[in-house]
Amino acid sequence: MANLKDIRNRIKSVKSIQKVTKAMKMVAAAKMRRAQERMEEARPFENRLTDTINHLLPDVDRDLLELLDIREINRIGYVVVTSDRGMAGSFNTNILKTAQNEIDIIGKNKVDVFCIGKKARDHFKRRDYHIISSHVDFWSELEYSNAISICEGIISHFTDKHVDKIHVVYNEFINVATQHVQSEVLLPLVFDGDENQFSGKLYEPNKDDIIKSLIPRHLNIQMWKYLLESYSSEQAARMLAMENATENAQEMIKDLTLEFNKARQAAITTEMLEIVSGAEALKG
Amino acid sequence: MSSFQLEIVTPTKVSDEGQVEYVRCPGLDGSFGVMASHREAIIALGIGEIKVTQNGKDHFLATSGGFTEITKEKVELLLETYERTEEIDTSRAENALKRAEERIKARETDAIRNKAALERAVNRLRVSKR
Chain S
217 MANLKDIRNR IKSVKSIQKV TKAMKMVAAA KMRRAQERME EARPFENRLT DTINHLLPDV
277 DRDLLELLDI REINRIGYVV VTSDRGMAGS FNTNILKTAQ NEIDIIGKNK VDVFCIGKKA
337 RDHFKRRDYH IISSHVDFWS ELEYSNAISI CEGIISHFTD KHVDKIHVVY NEFINVATQH
397 VQSEVLLPLV FDGDENQFSG KLYEPNKDDI IKSLIPRHLN IQMWKYLLES YSSEQAARML
457 AMENATENAQ EMIKDLTLEF NKARQAAITT EMLEIVSGAE ALKG
Chain E
-9 MSSFQLEIVT PTKVSDEGQV EYVRCPGLDG SFGVMASHRE AIIALGIGEI KVTQNGKDHF
51 LATSGGFTEI TKEKVELLLE TYERTEEIDT SRAENALKRA EERIKARETD AIRNKAALER
111 AVNRLRVSKR
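Sequence order for the protein chains is S and E. Everything in the first sequence is counted per the numbering used here, starting at 217 for the first residue and increasing by one. Everything in the second sequence is counted per the numbering used here, starting at -9 for the first residue and increasing by one.
In case anyone wonders, no lab produced these hints; they're calculated from the structure. The model shown is predicted, which means the values in this text are computed figures rather than measured ones. A few of these clues could be false.
What follows is a set of in silico ranges between Cβ atoms, one per label pair, in the way DEER data are often shown [to be verified]:
hint : chain 1 : residue 1 : chain 2 : residue 2 : range
1    : E       : K3        : S       : P421      : 23 to 33 angstroms
2    : E       : E91       : S       : S232      : 47 to 57 angstroms
3    : E       : E77       : S       : R259      : 22 to 32 angstroms
Covered, in the sense of this in silico footprint (three residues per stretch, anywhere, with C-beta under 8 angstroms from a C-beta of chain S), are these stretches of chain E [what the hints assert, rightly or not]:
hint : stretch
4    : -5 to 4
5    : 21 to 31
From the three backbone atoms N, C-alpha and C, an ideal C-beta is built for every residue, glycine too.
All chains, please: the whole structure from these sequences, using the hints.
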C-alpha cells in the first residue's frame, strides 16, 4: 500500500489541477459569450448587404463578375478553420478528419489548402499537402481585419484561376453541447437574386460597379462569420472538455481520499496492535 | 437647417448617429453630399473620408468603403470599417504606409492589394489630421 505522504501529495496536485481546469472553463465560457455577441452584431450588416446584392443582381450581367464565375473544375481550394490551441476535446480532430477525407477523395495533388489556426497548419504541413497560406496566432485578438486579410488571399487565388472552386471546412456552432463540422462552397458565389421590383432609386456609379464593389465585401463578412462560428465552437468545446476534466479530478480526489483514509486506518491499527502486544509482554 | 436620421452599420456594430444636417461621402467616382430629402438611392463608397455635420459641427471619419442607402426615413452608411478622427492610431497608420510603400517599391506580386493598402494608410493619416 502506498504510504500516506505519497497519497497526500497526489491529492494536492490533483486539487491544483482541478483549480486550473475550473478557471479555464470559466474563461472559455466568457469568451464564448463574447463571440456569440459578435455574431449577433454582424447580422444587421450581413443582412443588408445580402439584400442589396440580391436586389441588384437581376439587372447585372453576371459575366462581369469573376467571383460568380462557374468554371470547369480542375483544382479545388480548401480553407480549413481550426484553433491555435488544443484542450478542446475533439474540436480540431473532427475538422481535420473531415477536411482530409474530402481532400483525399479529390486527390491530394489537386487541392490547395489555406490553413487557419495552428492545428490545421501543423496537420497539413506534416503530411505534405500543398499549402498556399497559413493564418495563425490571431484568435486571441480576433478582429474584422483578420477576415479581410484572409479573404484577400483567397479571392486573388480564385480570380487568378489557380483554383476553380473553394470550399470552407469549419465548426458550426449549434449550441453549447453541439458543434457540427460543416463543409461549404465559398466560391464561386451563388445568389438567388429575388424578383426585380421596379424602384425609382438612384444607383451610383451604376449597378454593375456597385455589385462589383460589394461582392468582395460580402465574402469578407462570410469569412468573418466562419471565424466567429469556429471561435464560438472552440470555446464551447473547451468549456465542455474542462468541465469533464474538473469532474474527473473530483472523482480522483474522492478515490484518493478513500485510499488515504484506508491507509491511515491501517497504520493506526498496526500501531494499536504493537502497543497492546507490548503491554501484554510487560505484564507477562 | 432641416436634418435627417443617420445610421452607421458595420460588421461589428450598429451605431445611431442621431439627427444630422449633412453628410459627405467618398463615392467610387468622386465625393457627393447628402442633405435632407435626398432622392432615394444606393451608392457604392470607396476608401476615403466621410464628413458629418451635426448641430453645425463637422466630424470626420476614415472608411475603407462600403455603400450607402438613402431612403425617405433615413440615411444608412454600411461600412466595412470606419474610424473617427480621434480614434485613429497615427503611428500604426504610418507603419502601414511605410510597409505598403516598400512593397510597391519591391514590386511584389499583388499590386492591387498593395495599392489599396497604401490608399487606406494615406487616407487614415489625412483624416487623423482633421
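Here is what the structure says about each hint:
At about 28 angstroms, the beta-carbon gap between K3 (chain E) and P421 (chain S) stays in the expected band of 23 to 33 angstroms. Taking the beta carbon of each, E91 (chain E) and S232 (chain S) are about 52 angstroms apart, inside 47 to 57 angstroms as hinted. A hinted range of 22 to 32 angstroms holds for the C-beta pair E77 (chain E) and R259 (chain S), which are about 24 angstroms apart. Evaluation of the coverage hint for the stretch -5 to 4 of chain E: fulfilled, as 6 residues show C-beta separations to chain S shorter than 8 angstroms, against a requirement of three.
With 4 residues bearing a CB less than 8 angstroms from a CB of chain S, the stretch 21 to 31 of chain E meets the requirement of three and the coverage assertion stands.
Every hint from the earlier list agrees with this structure, and none is contradicted.
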